[in-house]
Amino acid sequence: MDLNRFKPEIVEPYSRIIYGPGFNLRLRNKILKTGLALAICLTMAFIALPVASLFLKSPLDTTLRSLHDPVVMDALRLSMMTSTLTTLIVVLMGTPVAYVNARFHYPGKEIVDSLIDLPVIMPPAVAGIALLMAFGRMGIVGHYLNALGLSIAFTTLAVIMAQVFVSSPFYIRQARTSFEDVDLAFENAARTLGASRVYTFFHVILPIAINGLISGAIMAFARSLGEFGATIMFAGNFQGRTQTMPLAIYTAMQGDMDVALCLALVLVVISFLVIALVKTLTRRMYRNART
Amino acid sequence: MLELDVKKRLRDFDLEVNLRIAEGEILMLVGDNGCGKTTLLNMIAGLIEPDVGMIALDGKPLFDSSLKIDITPEMRNIGYVFQSYALFPHMSVYDNVAFGLRARRLPRKEIDFLVKDHLTAAGLWEIRNARAANISGGQKQRVALARALIIEPDLLLLDEPLSALDVRKQAAMRRDLRERIHSCEVPSIIVTHDLRDVACIGDRACLLEMGKIVLSGAAEDVMSWGAVPSTG
Amino acid sequence: MTERRRILFLLTLTVLMLCTDAKEPEELTVFCGAGLTGAFNEIGQIYENESGIGVDFNFDGVPALRAQIEQGAYADIVVSANLKHMDALEREGYIDNDTVEIFAGNKVAVIVPNDNPANITNLTDLAKPGVKILIGIKDLPAGDYARRVLDKLAVDPEYGPAYKEAVAANIVSEETTVNRIVSKVALGEADAGFAFISDVSPQMVGKVTRIVVPDEYNVVGKSPLGVLKHSKYPQEAQSFIGLVMSEEGQSILKKYGFIPVNENSMNWQAIDQTSSKVCDNWGRIRWI
Numbered sequence: 001m002d003l004n005r006f007k008p009e010i011v012e013p014y015s016r017i018i019y020g021p022g023f024n025l026r027l028r029n030k031i032l033k034t035g036l037a038l039a040i041c042l043t044m045a046f047i048a049l050p051v052a053s054l055f056l057k058s059p060l061d062t063t064l065r066s067l068h069d070p071v072v073m074d075a076l077r078l079s080m081m082t083s084t085l086t087t088l089i090v091v092l093m094g095t096p097v098a099y100v101n102a103r104f105h106y107p108g109k110e111i112v113d114s115l116i117d118l119p120v121i122m123p124p125a126v127a128g129i130a131l132l133m134a135f136g137r138m139g140i141v142g143h144y145l146n147a148l149g150l151s152i153a154f155t156t157l158a159v160i161m162a163q164v165f166v167s168s169p170f171y172i173r174q175a176r177t178s179f180e181d182v183d184l185a186f187e188n189a190a191r192t193l194g195a196s197r198v199y200t201f202f203h204v205i206l207p208i209a210i211n212g213l214i215s216g217a218i219m220a221f222a223r224s225l226g227e228f229g230a231t232i233m234f235a236g237n238f239q240g241r242t243q244t245m246p247l248a249i250y251t252a253m254q255g256d257m258d259v260a261l262c263l264a265l266v267l268v269v270i271s272f273l274v275i276a277l278v279k280t281l282t283r284r285m286y287r288n289a290r291t
Numbered sequence: 001m002l003e004l005d006v007k008k009r010l011r012d013f014d015l016e017v018n019l020r021i022a023e024g025e026i027l028m029l030v031g032d033n034g035c036g037k038t039t040l041l042n043m044i045a046g047l048i049e050p051d052v053g054m055i056a057l058d059g060k061p062l063f064d065s066s067l068k069i070d071i072t073p074e075m076r077n078i079g080y081v082f083q084s085y086a087l088f089p090h091m092s093v094y095d096n097v098a099f100g101l102r103a104r105r106l107p108r109k110e111i112d113f114l115v116k117d118h119l120t121a122a123g124l125w126e127i128r129n130a131r132a133a134n135i136s137g138g139q140k141q142r143v144a145l146a147r148a149l150i151i152e153p154d155l156l157l158l159d160e161p162l163s164a165l166d167v168r169k170q171a172a173m174r175r176d177l178r179e180r181i182h183s184c185e186v187p188s189i190i191v192t193h194d195l196r197d198v199a200c201i202g203d204r205a206c207l208l209e210m211g212k213i214v215l216s217g218a219a220e221d222v223m224s225w226g227a228v229p230s231t232g
Numbered sequence: 001m002t003e004r005r006r007i008l009f010l011l012t013l014t015v016l017m018l019c020t021d022a023k024e025p026e027e028l029t030v031f032c033g034a035g036l037t038g039a040f041n042e043i044g045q046i047y048e049n050e051s052g053i054g055v056d057f058n059f060d061g062v063p064a065l066r067a068q069i070e071q072g073a074y075a076d077i078v079v080s081a082n083l084k085h086m087d088a089l090e091r092e093g094y095i096d097n098d099t100v101e102i103f104a105g106n107k108v109a110v111i112v113p114n115d116n117p118a119n120i121t122n123l124t125d126l127a128k129p130g131v132k133i134l135i136g137i138k139d140l141p142a143g144d145y146a147r148r149v150l151d152k153l154a155v156d157p158e159y160g161p162a163y164k165e166a167v168a169a170n171i172v173s174e175e176t177t178v179n180r181i182v183s184k185v186a187l188g189e190a191d192a193g194f195a196f197i198s199d200v201s202p203q204m205v206g207k208v209t210r211i212v213v214p215d216e217y218n219v220v221g222k223s224p225l226g227v228l229k230h231s232k233y234p235q236e237a238q239s240f241i242g243l244v245m246s247e248e249g250q251s252i253l254k255k256y257g258f259i260p261v262n263e264n265s266m267n268w269q270a271i272d273q274t275s276s277k278v279c280d281n282w283g284r285i286r287w288i
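Protein sequence lines correspond, in order, to chains U, S and V.
If you count the first sequence from 1, position 202 lands on 202 in the numbering used here, and the numbers rise without skipping.
If you count the second sequence from 1, position 76 lands on 76 in the numbering used here, and the numbers rise without skipping.
If you count the third sequence from 1, position 18 lands on 18 in the numbering used here, and the numbers rise without skipping.
Treat the hints with care, since some could be wrong.
Taking lysine to aspartate or glutamate and the EDC-like style, the derived pairs with C-alpha atoms no more than 20 Å apart in a straight line are [what the hints assert, rightly or not]: (1) V:138 with U:74; (2) S:212 with S:49; (3) U:57 with V:70; (4) V:84 with U:256; (5) V:229 with V:87; (6) V:84 with U:258.
Derived by calculation from the structure, the hints in this document are not laboratory data.
The whole structure should be built from the sequences, with the hints applied where relevant.
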């Protein structure tokens, strides 16, 4: 067997015949590689630059001082509390839905799937109006509640509802994919071994899907943290009660850019920390490979 | 003792099988890919529902379309070794084998005793803490079998138990499998496309083609089934 | 290969041509407070028809507009609902100060839903416990003036500081634009809201009821507009301002509830006479 035909020098004449004179395979590869590297660098720069600018444009001492501002403290506390509660609600409500949609087929499933995706497509302000129409004082459900003396708009509950509405699709979609990725064979094996559906879910399916579920929960958390349009429409803007970080930033921006910058920075840093924390915890908890 | 008479419409053909397996008998189910072997096993295990028919184990009906009986898989007490072994990847070998007993809520001491017994018998005690995903193919097969046997099933189903293994190991594993299945005295159905398995392990053999049994007989007679290609 | 290259070149050229303007059309960019949307859309239309120059509006809360200009956004004219932000922009050197003119006045009004669920008929009712009130953020002109009105009420013996506190306790939300205050009150989500008289556009008029704050407690807002220093079309901008200050422009403003500069702005009777309304001794105006 003559291995000489695999020597690189002989490849070039081939390429010249196919691609025409003056063509160089190695050069083309080099151009391709630099092009790709450039594309990656540009994308990273485009994302990193605005974030870096936040840090560069706010002087450290004003930022640290602004941290003690009650506006900042209230907004931070409110955002953390509502987003955490929202994520919990979304996970508890969304996991069964995701599992059922991953495994079973039932009449109307298409409609349910579309409904789940709807809040993603809706502009947040529209979502806010829709929530008002349903749960506001004059709303379809709201006016019954109002008769009972319960009013949702302009309360912290409204903030949570708005956040749940806009962020649940992010979790449910991811959870559904994660459940679908769990090989049916595992479920079948568990059931033949005598495990009930519930036992199988908690001991087999959930642990295998958990990484995807957590990633979905992080996305829901992040979305709820940044939620603005639906919140300001449905819950309003009141310090300590409904003024979450994004609302506080927008309000402050109109008067005091320094406070707004500080809030923006805090939001970015906190988001990063939360996401990093959850990722490290997950990696430590379940280091499993798929068969 | 298994009695089986089922029909199911599949995509390309209709599955129609009538079988009987005596006490302690080992039946080899032979056929090409796509002939319905795995579907049949799944129906016996309760994972798929036949369109019409009856399945009874030791006189107890597992499925009966006329009486509207359909027992869920978890209640059938049938051990199943899947073609991919389906070992739970996030659990250790020990936990995999213990799974069935834990699901039945047996007391901890009893579980420990039984698991140790089975693992040692299968030569797996040393790797009991290894992640199920990280062991060799042969070890996986033994774990899967131990996991299915530990629940003391009334019937054992094995889907191509040797096909995933290294060719060089197959001969040894074949003998090993025969030993263990014969010693546990549980009636078994082993699905395979390899006639060497039939010759080595089984008592009886059936040839399944396009969803119907076309040949049936003693395992030794298998070599005379000249029309069936011996794939390896 | 050359064929492919040529096609790629042509494609890039087309895309570039679509993206860039070959020639910028003459156009005025006007940054305008959201509360002036209706009036200025009309004035802008007239200007376009008469001069042939397009007018591109950016309606937003005045503080947001100011922030945008400070961050480098381009505009020819800025129209503000109050003096505070215009003064700031003048101080910071963005405005050609000679061009600044007061084009209208405005007063604070309390708006309530038509069916008035909380039964608000006068200012004291606002202090009733459980009433839901909306107000603008303090940087918003309407919000700023509403707070000044409350301050005036606080020093008056008839109302007092306890009144102001009670009203403040009833505030459920600080909105960033007045349009949202009007919408939410119209929807019935809130019992009352503080806005400028002019903030209720003719479209919204039938949906809310306005309660005028009597003059002794009211603050007259002066609305200025001016040309920005970096404007590319200073002459066209000036003629636009001329239109605003003309009789035609002022009558449009009056129609939308603003106090024209030519009339006596302290006389609230003047507002009456521009439309046939019923008034009672509490200074309440009901739209029929």
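Take a quick look at whether residue 57 (chain U) and residue 70 (chain V) sit within 20 Å of each other, Cα to Cα. holds, 15 Å
Does the structure keep residue 212 (chain S) and residue 49 (chain S) at a Cα separation of 20 Å or less? holds, 17 Å
Please work out if residue 138 (chain V) and residue 74 (chain U) have their alpha carbons no farther apart than 20 Å. holds, 18 Å
Restraint check for residue 84 (chain V) with residue 256 (chain U), where alpha carbons must lie at most 20 Å apart: Answer holds: residue 84 (chain V) to residue 256 (chain U) is near 14 Å, not above 20 Å.
Is the hinted pair residue 229 (chain V) and residue 87 (chain V) satisfied, with a Cα-Cα distance of at most 20 Å? This hinted pair holds, its Cα atoms lying about 14 Å apart.
Given hint residue 258 (chain U) paired with residue 84 (chain V) - CA-CA distance at most 20 Å: holds, 19 Å
Consistency note: the structure conflicts with none of the earlier hints.
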